[in-house]
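Student: Given next are the chains, with one letter for each unit.
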Amino acid sequence: MKILVAVKQVAALDEDFVIGADGRDVDAEFLIRDLNEWDDFSLEEAVRIKEAAADPVEVVVVSIGPEEADEVLRKCLAKGADRAVRIWDEAVAGSDPIAIARILAAVARQEAPDMLLAGVQSSDHGFASTGIATAGFLGWPHGAVVASLAYTSGEKSAVFRRELEGGLLHQVTIQCPAVLTIQAGINTPRYASLRSIKQAAAKPIDVRNLADVGISAHEVGEQGSLSHVRRMYIPDKGHAQLIEGSAAEQAKRLAGIIRAFKGEA
Amino acid sequence: MGGILVIAEQRRGELRPVSLELITAAQGLRAAGDAVAVALLAADPARLVDPLKVAGVDEIITVQTAAAEFDPDAFEAAVGALISARSPSVVLIAHSIDSFGYAAALAARQGFGFATDVFKVERIEGELVATRGGYGQKVCVEVDFPGRSTVLLAVRATMFKAPDRAGSPAVTSFAAPSVVSRAEGGDFIEASAADDVDMTAAEFILTIGRGVGEEAKIAQFRELADVIGATLGCSRPIADAGWLPKSRQVGQSGKTASACRLYIAMGVSGAIQHLAGMKHVSTIIAVNSDAGASIFGVAKYGIVGDIFEIAEELRRHF
Ligand SMILES: Cc1cc2nc3c(=O)[nH]c(=O)nc-3n(C[C@H](O)[C@H](O)[C@H](O)COP(=O)(O)OP(=O)(O)OC[C@H]3O[C@@H](n4cnc5c(N)ncnc54)[C@H](O)[C@@H]3O)c2cc1C
Ligand SMILES: Nc1ncnc2c1ncn2[C@@H]1O[C@H](COP(=O)(O)O)[C@@H](O)[C@H]1O
Numbered sequence: 000m001k002i003l004v005a006v007k008q009v010a011a012l013d014e015d016f017v018i019g020a021d022g023r024d025v026d027a028e029f030l031i032r033d034l035n036e037w038d039d040f041s042l043e044e045a046v047r048i049k050e051a052a053a054d055p056v057e058v059v060v061v062s063i064g065p066e067e068a069d070e071v072l073r074k075c076l077a078k079g080a081d082r083a084v085r086i087w088d089e090a091v092a093g094s095d096p097i098a099i100a101r102i103l104a105a106v107a108r109q110e111a112p113d114m115l116l117a118g119v120q121s122s123d124h125g126f127a128s129t130g131i132a133t134a135g136f137l138g139w140p141h142g143a144v145v146a147s148l149a150y151t152s153g154e155k156s157a158v159f160r161r162e163l164e165g166g167l168l169h170q171v172t173i174q175c176p177a178v179l180t181i182q183a184g185i186n187t188p189r190y191a192s193l194r195s196i197k198q199a200a201a202k203p204i205d206v207r208n209l210a211d212v213g214i215s216a217h218e219v220g221e222q223g224s225l226s227h228v229r230r231m232y233i234p235d236k237g238h239a240q241l242i243e244g245s246a247a248e249q250a251k252r253l254a255g256i257i258r259a260f261k262g263e264a
Numbered sequence: 000m001g002g003i004l005v006i007a008e009q010r011r012g013e014l015r016p017v018s019l020e021l022i023t024a025a026q027g028l029r030a031a032g033d034a035v036a037v038a039l040l041a042a043d044p045a046r047l048v049d050p051l052k053v054a055g056v057d058e059i060i061t062v063q064t065a066a067a068e069f070d071p072d073a074f075e076a077a078v079g080a081l082i083s084a085r086s087p088s089v090v091l092i093a094h095s096i097d098s099f100g101y102a103a104a105l106a107a108r109q110g111f112g113f114a115t116d117v118f119k120v121e122r123i124e125g126e127l128v129a130t131r132g133g134y135g136q137k138v139c140v141e142v143d144f145p146g147r148s149t150v151l152l153a154v155r156a157t158m159f160k161a162p163d164r165a166g167s168p169a170v171t172s173f174a175a176p177s178v179v180s181r182a183e184g185g186d187f188i189e190a191s192a193a194d195d196v197d198m199t200a201a202e203f204i205l206t207i208g209r210g211v212g213e214e215a216k217i218a219q220f221r222e223l224a225d226v227i228g229a230t231l232g233c234s235r236p237i238a239d240a241g242w243l244p245k246s247r248q249v250g251q252s253g254k255t256a257s258a259c260r261l262y263i264a265m266g267v268s269g270a271i272q273h274l275a276g277m278k279h280v281s282t283i284i285a286v287n288s289d290a291g292a293s294i295f296g297v298a299k300y301g302i303v304g305d306i307f308e309i310a311e312e313l314r315r316h317f
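Chains A and Z, in that order, give the protein sequences.
Take the first sequence: its position 9, counted from the start at 1, is 8 in numbering that gives the first Met the number 0, and no numbers get skipped.
Take the second sequence: its position 244, counted from the start at 1, is 243 in numbering that gives the first Met the number 0, and no numbers get skipped.
Please note that a few of the clues may not be correct.
As the list claims (entries may be wrong) - With a straight-line cut-off of 27 Å between C-alpha atoms, the simulated BS3-like cross-links for lysine-lysine are: (1) A/K261 / Z/K52; (2) A/K261 / Z/K299; (3) Z/K278 / A/K236; (4) A/K236 / Z/K299; (5) Z/K278 / Z/K299; (6) A/K49 / A/K197; (7) A/K202 / A/K49; (8) A/K251 / Z/K278; (9) Z/K216 / A/K236; (10) A/K236 / Z/K119; (11) Z/K216 / A/K251; (12) Z/K216 / Z/K160; (13) A/K251 / Z/K299.
Derived from the structure by calculation, the hints contain no laboratory data.
From a predicted model like this one, the values you see are computed outputs, not experimental measurements.
The task is simple: from the sequences and hints, build the whole structure.
Tutor: This is how it looks when you write it as structure tokens:
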């Protein structure tokens with residue numbers, strides 16, 4: 000039995016970042032990288048399914064990214080993944096979520112898992128597209144924004160609740176293998192122990208290129224994408240009037256606003 | 000063919016407000032001669048046609064679905080068939096939980112131009128250009144769709160005003176292909192009322208976000224909220240961690256601060272799903288140590304600083 004978990008190395012911005020010379024992305028020097036928040040939850044969900052299973056279950060994490068993405072894969076290995084796969088090729092640069100999904104689908108065809116878990120969205124660009132696009136390429140059943148999941152590995156179906164606007168839940172019974180996108184809060188992700196972090200550092204990462212997964216260069220990158228970035232820019236900071244001064248002065252002003260509000264109420 | 004197709008959204012027999020916002024978004028894209036058609040997928044679509052009869056809609060297309068509620072396979076098949084039949088140049092859908100469940104699969108399989116969480120759409124020198132946020136909304140990203148004859152855009156809610164004039168569009172129907180669903184929808188379960196507080200009725204809210212750092216620090220803000228007379232609210236990660244009940248979560252998957260007139264957000268970055276529940280509040284005050292946090296984009300007043308220092312100093316005044 001096998002569960003494949005797609006994990007992304009996301010980027011947050013350093014203070015005083017600048018847009019790079021081509022005007023289409025932030026200068027890479029100002030990117031702080033980490034495991035996507037949602038992927039922590041989907042990995043934990045997979046590890047729990049494994050731990051609850053009567054038969055052996057392998058949890059495989061896969062990331063499409065350059066060498067630096069090894070860092071998030073190691074984090075996942077430390078938190079209970081059994082094996083890590085990373086796919087990269089220079090041609091992948093500039094891929095949108097759909098091109099990434101095409102690669103993930105190819106990996107899923109090779110690995111043939113019983114279930115594929117992805118995050119609802121990535122914290123940097125919030126596309127909320129990759130997991131469900133992967134299901135589209137595979138032709139697999141799919142469910143998005145899964146807030147609770149009842150699944151025993153190897154079963155032909157799973158029951159989950161998708162979380163709708165306003166927190167309303169909708170129960171769904173889905174055929175497996177399926178692709179599910181996991182919502183934050185579905186569980187409480189574990190911390191990796193120092194010992195498991197050390198062990199993970201020594202584990203190999205299975206690096207494959209496009210040819211290894213049977214994809215050609217024109218199917219990825221900008222050519223294989225459904226959108227193209229024209230330009231990136233820093234928006235107008237909006238209209239917030241900044242309250243300056245020491246913390247004491249700022250708090251005094253804030254207290255004044257609260258008092259005025261209550262007086263008028 | 001061309002034209003613009005809008006996919007309206009319903010849930011449990013009610014039209015979702017974003018459906019009307021999409022109609023407004025469509026008007027801005029209309030080229031000469033472009034018709035705007037609005038499709039409504041539901042078990043009994045005729046019941047929901049009237050609210051869609053607004054200015055700017057040329058045609059309402061009712062699509063009867065087998066299931067009463069959203070079904071990913073049925074929606075992908077129906078919208079796909081409708082697009083094949085009508086060949087619209089632009090299809091507008093909501094960036095909503097339902098569309099998360101099928102739009103990307105449809106676009107991927109059909110090769111439509113595709114972008115999600117779009118908050119601005121325009122034509123620049125004839126080219127369709129969509130704008131979305133990036134890196135936690137700290138940047139704007141303009142995307143285009145070279146070579147794509149049909150572009151599917153998932154548009155963020157509350158960015159466009161609903162049309163305010165009535166119209167008299169033609170009403171037609173379209174037969175959805177029959178599909179065997181592999182993901183069968185069942186019951187709806189209301190989020191549990193774990194707390195007695197009603198965030199929707201609160202006029203003054205003090206919300207804490209992940210900036211609070213640890214559970215032990217919550218008490219300090221609960222006490223502060225009490226003395227200043229505010230209702231304590233939170234962002235999603237605080238509720239997810241179980242530090243405060245879900246009933247206090249403000250945002251898209253939580254509560255809307257409908258009655259609120261003063262909203263103090265401490266240690267909240269301003270993710271769009273949080274803003275969905277509070278950006279309408281007339282006076283928003285944000286306290287955040289990151290001067291670039293996107294919450295300052297909706298706040299009336301901003302304090303760049305440490306929430307613990309500000310909280311401690313504020314406490315002295317009450
Ligand atoms: C389908 C869906 C639905 C969602 N629904 C909701 C919802 O209803 N409500 C919601 O809130 N979120 C929701 N989210 C999650 C949302 O995307 C964000 O992840 C979340 O809002 C972030 O919460 P935050 O601002 O508290 O945390 P963060 O984004 O981590 O921000 C923490 C902020 O605190 C600041 N900070 C840190 N320490 C300090 C300090 N000592 N002093 C001052 N500032 C400090 C940081 O600069 C940062 O800006 C949803 C997501 C999805 C995908
Ligand atoms: N480069 C990537 N490698 C592996 N998985 C990815 C990658 N990009 C996105 N994903 C998956 O898609 C989810 C985020 O979706 P999206 O917001 O569409 O980027 C993540 O939680 C991952 O599960």
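Student: Work down the list of hints and note, for each, if the structure agrees.
Tutor: Evaluation of the provided hints:
no.: 1; hint: A/K261 / Z/K52; verdict: violated (43 Å)
no.: 2; hint: A/K261 / Z/K299; verdict: holds (17 Å)
no.: 3; hint: Z/K278 / A/K236; verdict: holds (15 Å)
no.: 4; hint: A/K236 / Z/K299; verdict: holds (12 Å)
no.: 5; hint: Z/K278 / Z/K299; verdict: holds (10 Å)
no.: 6; hint: A/K49 / A/K197; verdict: holds (22 Å)
no.: 7; hint: A/K202 / A/K49; verdict: holds (20 Å)
no.: 8; hint: A/K251 / Z/K278; verdict: holds (24 Å)
no.: 9; hint: Z/K216 / A/K236; verdict: violated (30 Å)
no.: 10; hint: A/K236 / Z/K119; verdict: holds (17 Å)
no.: 11; hint: Z/K216 / A/K251; verdict: holds (22 Å)
no.: 12; hint: Z/K216 / Z/K160; verdict: violated (40 Å)
no.: 13; hint: A/K251 / Z/K299; verdict: holds (17 Å)
In this structure, the hints that do not hold are numbers 1, 9 and 12, in rising order.
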